[in-house]
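Visitor: Assemble chain V onto chain U, guided by the hints.
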Amino acid sequence: EPEVTQTPSHQVTQMGQEVILRCVPISNHLYFYWYRQILGQKVEFLVSFYNNEISEKSEIFDDQFSVERPDGSNFTLKIRSTKLEDSAMYFCASTPRGGANVLTFGAGSRLTVL
Amino acid sequence: DQQVKQNSPSLSVQEGRISILNCDYTNSMFDYFLWYKKYPAEGPTFLISISSIKDKNEDGRFTVFLNKSAKHLSLHIVPSQPGDSAVYFCAASGWVQGAQKLVFGQGTRLTINP
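Note that the protein sequences, when read in sequence, are chains U and V.
Numbered continuously in my numbering, the first sequence closes out at residue 114.
Numbered continuously in my numbering, the second sequence closes out at residue 228.
Looking at chain U on its own, in the form it has when it is part of the complex (with noise of 0.2 Å):
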């Protein structure tokens, strides 16, 4: 069965280091998305991806975010200068169409920023 990958599955990084979390989703989707999980709370949207632009993004996705579709695989959520608070888990996930309901879902990165 189709799956969505993410490496790398567990990064520790210092304070004010930029980090790169890198998905591969489903091949035939079209649309992207990454959420994030902080420990012992809900699963938050960060943004969303289509036709190799921000289709939309949540509040929490300021200037130190950014995604990028580099090539026709992977698809990467760049953080410049990691906080305290930006440790969580982060997921990535895909669907085939806009509008669809059913994302499927990577098993996550886990970011621990000391």
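The set of hints was computed from the structure by calculation and includes no laboratory data.
One thing to keep in mind: the hints can contain errors.
As the list claims (entries may be wrong) - Here are the simulated BS3-like pairs of lysine-lysine, each with C-alpha atoms no more than 27 Å apart in a straight line:
no., chain 1, residue 1, chain 2, residue 2
1, U, 78, V, 215
2, V, 119, V, 215
3, V, 168, V, 151
4, V, 119, U, 42
5, V, 151, V, 170
6, V, 151, U, 57
7, V, 151, U, 42
8, V, 185, V, 151
9, V, 215, V, 185
10, U, 42, V, 215
11, V, 182, V, 168
12, V, 119, V, 185
13, U, 57, V, 119
14, U, 57, V, 215
Claimed, not checked - Residues of chain V clear of chain U, computed beta-carbon distances all greater than 12 Å:
no., residue
15, 179
16, 195
17, 198
Claimed, not checked - Beta-carbon label-pair distances, calculated as ranges:
no., chain 1, residue 1, chain 2, residue 2, range
18, U, 24, V, 154, 16 to 26 Å
19, U, 30, V, 181, 28 to 38 Å
20, U, 3, V, 197, 12 to 22 Å
21, U, 74, V, 121, 32 to 42 Å
22, V, 181, U, 73, 34 to 44 Å
23, U, 53, V, 190, 33 to 43 Å
24, V, 141, U, 63, 21 to 31 Å
25, U, 24, V, 173, 25 to 35 Å
In this text, a Cβ means the ideal position worked out from N, Cα and C, and glycines have one as well.
Guide: For chain V alone, coordinates are given in the frame of chain U:
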């Protein structure tokens, strides 16, 4: 602004009995509701959904009930099995402020006791 609320952070049920997980939402623009299940170290996986035009959807041991007037939905699992132990997220989808949104609740940790 918690548009989707799961007021029980945890629930413990005896194997073989019924598990009932509850979810409330505030935005009447939501028209599609989903339950996701999450095991540790994995991403959320889609479990079952219901459209706002229905009040019940059943899939094997899982049934989702929707009460639109009360803005309440519930997930029933019967009979509960040890493998059902996981965190369950309720999610609501709809066009809100010109964009398709999928909003998650905080999750309920279900533990099935043998």
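Visitor: Are the hints correct? Go through all of them and say.
Guide: So, going through the hints one by one against the coordinates:
For the proposed pair residue 78 of chain U and residue 215 of chain V, the alpha carbon gap of about 23 Å is at most 27 Å, so the pair holds. For the suggested pair residue 119 of chain V and residue 215 of chain V, the alpha carbons sit about 16 Å apart, so the restraint of at most 27 Å is met. Between residue 168 of chain V and residue 151 of chain V the CA atoms are separated by roughly 22 Å; this keeps the pair inside 27 Å, and the hint holds. Taking the CA atoms of residue 119 of chain V and residue 42 of chain U, the gap is near 10 Å; set against the 27 Å cutoff, the hint holds.
A C-alpha spacing of about 19 Å is found between residue 151 of chain V and residue 170 of chain V, which places the hinted pair at or below 27 Å, so the restraint holds. For a cut-off of 27 Å, the pair hint linking residue 151 of chain V to residue 57 of chain U stands: about 24 Å separates their Cα positions. Proximity of residue 151 of chain V to residue 42 of chain U is assessed by CA-CA distance (about 13 Å); at most 27 Å being required, the pair is judged to hold. Between residue 185 of chain V and residue 151 of chain V, the direct Cα distance comes to roughly 21 Å. Compliance with the 27 Å bound is thereby established for this hinted pair.
For the given pair, residue 215 of chain V sits about 17 Å from residue 185 of chain V by alpha-carbon distance, which is consistent with the 27 Å threshold. Our distance criterion of 27 Å between C-alpha atoms is met by residue 42 of chain U and residue 215 of chain V, whose separation comes to about 15 Å. For the hint linking residue 182 of chain V to residue 168 of chain V, the alpha-carbon distance of about 9 Å falls within 27 Å, and the restraint holds. Our distance criterion of 27 Å between C-alpha atoms is met by residue 119 of chain V and residue 185 of chain V, whose separation comes to about 11 Å.
Taken as a hint, the residue 57 of chain U and residue 119 of chain V pair is honoured in the structure, with Cα atoms around 21 Å apart against an allowance of 27 Å. Only pairs whose Cα atoms come within 27 Å are accepted, and residue 57 of chain U paired with residue 215 of chain V is accepted, the gap being roughly 10 Å. The non-interface label for residue 179 of chain V is consistent with chain U: the shortest C-beta to C-beta separation is roughly 18 Å, beyond 12 Å. Every Cβ of chain U is farther than 12 Å from the Cβ of residue 195 of chain V; the closest lies at roughly 22 Å, confirming the non-interface assignment.
The claim that residue 198 of chain V is not at the interface with chain U holds, since no C-beta of that chain comes within 12 Å of its own (minimum 19 Å). Against the hinted window of 16 to 26 Å, the Cβ-Cβ separation of residue 24 of chain U and residue 154 of chain V comes to about 22 Å, which satisfies the hint. In this structure, residue 30 of chain U and residue 181 of chain V meet the distance hint of 28 to 38 Å, their C-beta atoms being roughly 34 Å apart. For residue 3 of chain U and residue 197 of chain V, the Cβ-Cβ distance of about 20 Å falls inside the hinted range of 12 to 22 Å, so the restraint holds.
A C-beta distance of roughly 39 Å is found between residue 74 of chain U and residue 121 of chain V, which places it inside the suggested range of 32 to 42 Å. Checked against the hint of 34 to 44 Å, the pair residue 181 of chain V and residue 73 of chain U passes, with Cβ atoms roughly 43 Å apart. The beta-carbon spacing between residue 53 of chain U and residue 190 of chain V, approximately 41 Å, falls within the hinted interval of 33 to 43 Å. Roughly 28 Å separates the CB atoms of residue 141 of chain V and residue 63 of chain U, a value that falls within the hinted 21 to 31 Å.
At roughly 29 Å, the beta carbons of residue 24 of chain U and residue 173 of chain V sit within the given window of 25 to 35 Å.
Comparing the model with each earlier hint shows no violations; every hint is respected.
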